[in-house]
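Visitor: So the sequences go chain by chain: A and B. Just remember that the working numbering sits 30 ahead of the position in the first sequence, which is counted from 1. Just remember that the working numbering sits 1 ahead of the position in the second sequence, which is counted from 1.
Just so you know, these hints were derived from the structure itself, not from any lab. Just so it is clear, the structure is predicted and the values come from calculations on it, not from any experiment. Errors might be hidden in some of the hints.
Unchecked claim - A partial selection of chain A residues facing chain B, derived with a Cβ cut-off under 7 Å:
#1 Phe210
#2 Ala325
#3 Ser329
Said to hold, decoys possible - Each computed SDA-like pair below joins lysine to any residue, with the alpha-carbon atoms no more than 25 Å apart:
#4 A:Lys126 / B:Lys259
#5 B:Lys247 / A:Lys126
#6 B:Lys100 / A:Leu249
#7 B:Lys243 / A:Glu331
#8 B:Lys247 / A:Thr430
#9 B:Lys287 / A:Arg267
#10 B:Lys182 / A:Ala156
#11 B:Lys287 / A:Ala94
#12 A:Lys200 / B:Arg42
#13 B:Lys259 / A:Leu474
#14 A:Lys126 / B:Lys287
#15 B:Lys210 / A:Arg91
#16 A:Lys110 / B:Glu196
#17 B:Lys100 / A:Arg91
#18 B:Lys100 / A:Lys126
#19 B:Lys287 / A:Ala156
#20 A:Lys200 / B:Lys243
#21 B:Lys287 / A:Gly476
Don't be surprised by glycine CBs; every beta carbon is placed ideally from N, CA and C.
As a plain string of letters, each chain reads:
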Amino acid sequence: MTLDAAVAPLDVDPLLDDPETRIIVCCGSGGVGKTTTAAALGLRAAERGRKVVVLTIDPARRLAQSMGIDSLDNTPRQVKGVEGSGELHAMMLDMKRTFDEIVEAHADADRARAILENPFYQSLSAGFAGTQEYMAMEKLGQLRARDGWDLIVVDTPPSRSALDFLDAPKRLGSFLDGKFIRVLMAPAKVGGRAGMKFLNVGMSMMTGTLGKLLGGQFLRDVQTFVAAMDTMFGGFRTRADATYRLLQAPGTAFLVVAAPERDALREAAYFVERLAAEEMPLAGLVLNRVHGSGAARLSAERARAAAENLEEGRIVDQQGGKAVDRGADAPDSSSPAAFEAHEAPQAPASAGATASSEPSQPSESSESTDPPEPSDPSATRSTRAPASMPAPTSAASATTVEQLTAGLLRLHAERMQVVAREERTRDRFTALHPEVPVAEVGALPGDVHDLAGLRAIGDRLAAGRAAT
Amino acid sequence: MSRLQVVSGKGGTGKTTVAAALALALATEGKRTLLVEVEGRQGIAQLFETEALPYEERKIAVASGGGEVHALAIDAERALLDYLQMFYKLGSAGRALKKIGAIDFATTIAPGVRDVLLTGKACEAVRRRDKQGRFVYDYVVMDAPPTGRITRFLNVNDEVAGLARIGPIHNQAQAVMRVLKSPETAVHLVTLLEEMPVQETADGIAELKAAGLRIGNVIVNMVRPHLLDEAAVRAAAGDRRKEVAKALASTGVAAPTKLVGPLLDQAAEHAQRVELEREQRAVLTKLGLPTYELPLIGEGMDLAGLYRLAGDLRQLGEAFA
Chain A
31 MTLDAAVAPL
41 DVDPLLDDPE
51 TRIIVCCGSG
61 GVGKTTTAAA
71 LGLRAAERGR
81 KVVVLTIDPA
91 RRLAQSMGID
101 SLDNTPRQVK
111 GVEGSGELHA
121 MMLDMKRTFD
131 EIVEAHADAD
141 RARAILENPF
151 YQSLSAGFAG
161 TQEYMAMEKL
171 GQLRARDGWD
181 LIVVDTPPSR
191 SALDFLDAPK
201 RLGSFLDGKF
211 IRVLMAPAKV
221 GGRAGMKFLN
231 VGMSMMTGTL
241 GKLLGGQFLR
251 DVQTFVAAMD
261 TMFGGFRTRA
271 DATYRLLQAP
281 GTAFLVVAAP
291 ERDALREAAY
301 FVERLAAEEM
311 PLAGLVLNRV
321 HGSGAARLSA
331 ERARAAAENL
341 EEGRIVDQQG
351 GKAVDRGADA
361 PDSSSPAAFE
371 AHEAPQAPAS
381 AGATASSEPS
391 QPSESSESTD
401 PPEPSDPSAT
411 RSTRAPASMP
421 APTSAASATT
431 VEQLTAGLLR
441 LHAERMQVVA
451 REERTRDRFT
461 ALHPEVPVAE
471 VGALPGDVHD
481 LAGLRAIGDR
491 LAAGRAAT
Chain B
2 MSRLQVVSGK
12 GGTGKTTVAA
22 ALALALATEG
32 KRTLLVEVEG
42 RQGIAQLFET
52 EALPYEERKI
62 AVASGGGEVH
72 ALAIDAERAL
82 LDYLQMFYKL
92 GSAGRALKKI
102 GAIDFATTIA
112 PGVRDVLLTG
122 KACEAVRRRD
132 KQGRFVYDYV
142 VMDAPPTGRI
152 TRFLNVNDEV
162 AGLARIGPIH
172 NQAQAVMRVL
182 KSPETAVHLV
192 TLLEEMPVQE
202 TADGIAELKA
212 AGLRIGNVIV
222 NMVRPHLLDE
232 AAVRAAAGDR
242 RKEVAKALAS
252 TGVAAPTKLV
262 GPLLDQAAEH
272 AQRVELEREQ
282 RAVLTKLGLP
292 TYELPLIGEG
302 MDLAGLYRLA
312 GDLRQLGEAF
322 A
């Protein structure tokens, strides 16, 4: 896939090399390769001479291992095997540890212990709504304040919505600083003024209601927590605001990461709009796992026709039968040609439901241990019954060069279909946001396991467009 | 078969699509299913090509044999206000609570309340009966949070019941937990045949089991066709290059010799991917759970594709869930 001239390519290297770039935030919906992109950018910047720390939120184990670190934790650790004069450090956010550290840093020992032992605090810090986002931003602020790195690359939490990390700090900040806290504290802080009297009645009614709802003990836990945290509230709010301003500062660059799929790009578009509204500096869109073809001039239709041509007279009956079968299966699809492209794959390794080892579910395991019988309608229609699909073309002596070539052509037709779909999806985004520079990263056939793999992704990122 | 079907999966694996297809598949023969969304993403509306769902149950699709799929996007704030209204008749007090930030506190910051409300609403729909005492919905399918958070999401009621040790929230949390840990509930995990999603599925299963939640099936989504095996690719790349070029020429495509290289490159990638998929299938098999595969919809997911997947799931029939 090549970019149209109208869409500006995103040039990653100048961004990484610019000493003014101090923070890069990678954001996007889940499963688009955000963490991998953050790690690849960090490695590339380090190998181009900068001292970099990558803050990951919830990395897959393999990704941590790809940086030669078995378990990332809350302290930056240097990654070995980085080439050149720069340095790469990596860490994983431990939100409870980060929260505990804030408490320990801002309260005297007794008060800190009271907070850390409070059940409400323990639940809050262990990762309920917003805590992870808040702590990610807190950690970013800490790293930046320490000024020990040229560049901080930060991954964002796998939130409900990709935007949560912008909102959560404010939300938690305004809670800790807000009216509601004062209501909770009200019994302890009743003033004597006549005008306040009515309000106080209202407030004690409110806490009464809350007590009924949540249970008295819970409310007391919250009140104890709030009382213990009292002196820290201002600090939370101030730091949340400071981090927010840091994100708007010129040294920060946001990269929106997406895959060429409808949902991921819809979130990306939403994010681009939100960043603009918040006056946060957007550097561009990284589009991961983009497919291309070295034989793009041969269209899917042409390749499929050529394949049929080669197969003619050989397996024509099978092909015809299959199309009819599929047609009956999916009355809403109109084009018979479409069926072949997503023809069911052969999956001998998982033929049928695999045996369940759960002794607690006897009825289920007895159903699922039986491999589907050929006579069972589900076996012929399900997506994994070998009988219902052509065996993949093999090099066995029976395979003619025509079959082999037809296989190559069908594979190409499938690829071109993917390419076309991805282009359509991408074009929808670029039509909405032509001002956003885009870097496309070609799909790798496998996963990343080591620095070489991350380096390869970095190369693709810098090249900015998918080759094949 | 469990009446509450929870569908989770790593981000990007298509769990919303699978949940929607499952709701369609279960809505056969005059059955009614409710498809619920809990993350406020309006993914169901996008999929069914309708306007954004309000906080109310509405019919969004009909299935073969007169079945119906209804959908609901659960909104935690509205669910809490409803709940307060129902139990405490707090009309204007509810608004006052909202004004001072108490509702916001309860639904966004208070540990777990949000998740209690979301799971609670889904369980209410599971248990709801009409005047004749029949279940209003035969099945409730939940498009749940991703694998990394699913155990915490479903198990939150246990934690909340521990925090709020008495009172209606405590009782509500316990009632929800009774549904979630019973055979009435099955949690399905959607994955792709790739290393990271498979790893996350394995981790998710371990967590769910540890929490005593019942796991249904592993659903492998977007399985691509297996068209050429490695031996064929090797042969083509080696001594049969010229023959392939000749065969290509016979079909009349332009400049066939220049196509051979790129086509073989694609074939080599394909073979590599098939090998990786084989390894990941082996990992999934070791999990010892019923595993099903759904095909990639080549032209992108739309309503037609959704009905096709529903058809595939229906064929899996009784064994499923």
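Visitor: It remains to establish, for every hint, whether it holds in the given structure.
Guide: Hints versus structure:
no.: 1; hint: Phe210; in the structure: holds (4 Å)
no.: 2; hint: Ala325; in the structure: holds (4 Å)
no.: 3; hint: Ser329; in the structure: violated (10 Å)
no.: 4; hint: A:Lys126 / B:Lys259; in the structure: violated (58 Å)
no.: 5; hint: B:Lys247 / A:Lys126; in the structure: violated (65 Å)
no.: 6; hint: B:Lys100 / A:Leu249; in the structure: holds (19 Å)
no.: 7; hint: B:Lys243 / A:Glu331; in the structure: holds (24 Å)
no.: 8; hint: B:Lys247 / A:Thr430; in the structure: holds (13 Å)
no.: 9; hint: B:Lys287 / A:Arg267; in the structure: violated (49 Å)
no.: 10; hint: B:Lys182 / A:Ala156; in the structure: holds (23 Å)
no.: 11; hint: B:Lys287 / A:Ala94; in the structure: holds (24 Å)
no.: 12; hint: A:Lys200 / B:Arg42; in the structure: holds (21 Å)
no.: 13; hint: B:Lys259 / A:Leu474; in the structure: holds (23 Å)
no.: 14; hint: A:Lys126 / B:Lys287; in the structure: violated (33 Å)
no.: 15; hint: B:Lys210 / A:Arg91; in the structure: holds (20 Å)
no.: 16; hint: A:Lys110 / B:Glu196; in the structure: holds (24 Å)
no.: 17; hint: B:Lys100 / A:Arg91; in the structure: violated (44 Å)
no.: 18; hint: B:Lys100 / A:Lys126; in the structure: violated (30 Å)
no.: 19; hint: B:Lys287 / A:Ala156; in the structure: violated (32 Å)
no.: 20; hint: A:Lys200 / B:Lys243; in the structure: violated (66 Å)
no.: 21; hint: B:Lys287 / A:Gly476; in the structure: holds (21 Å)
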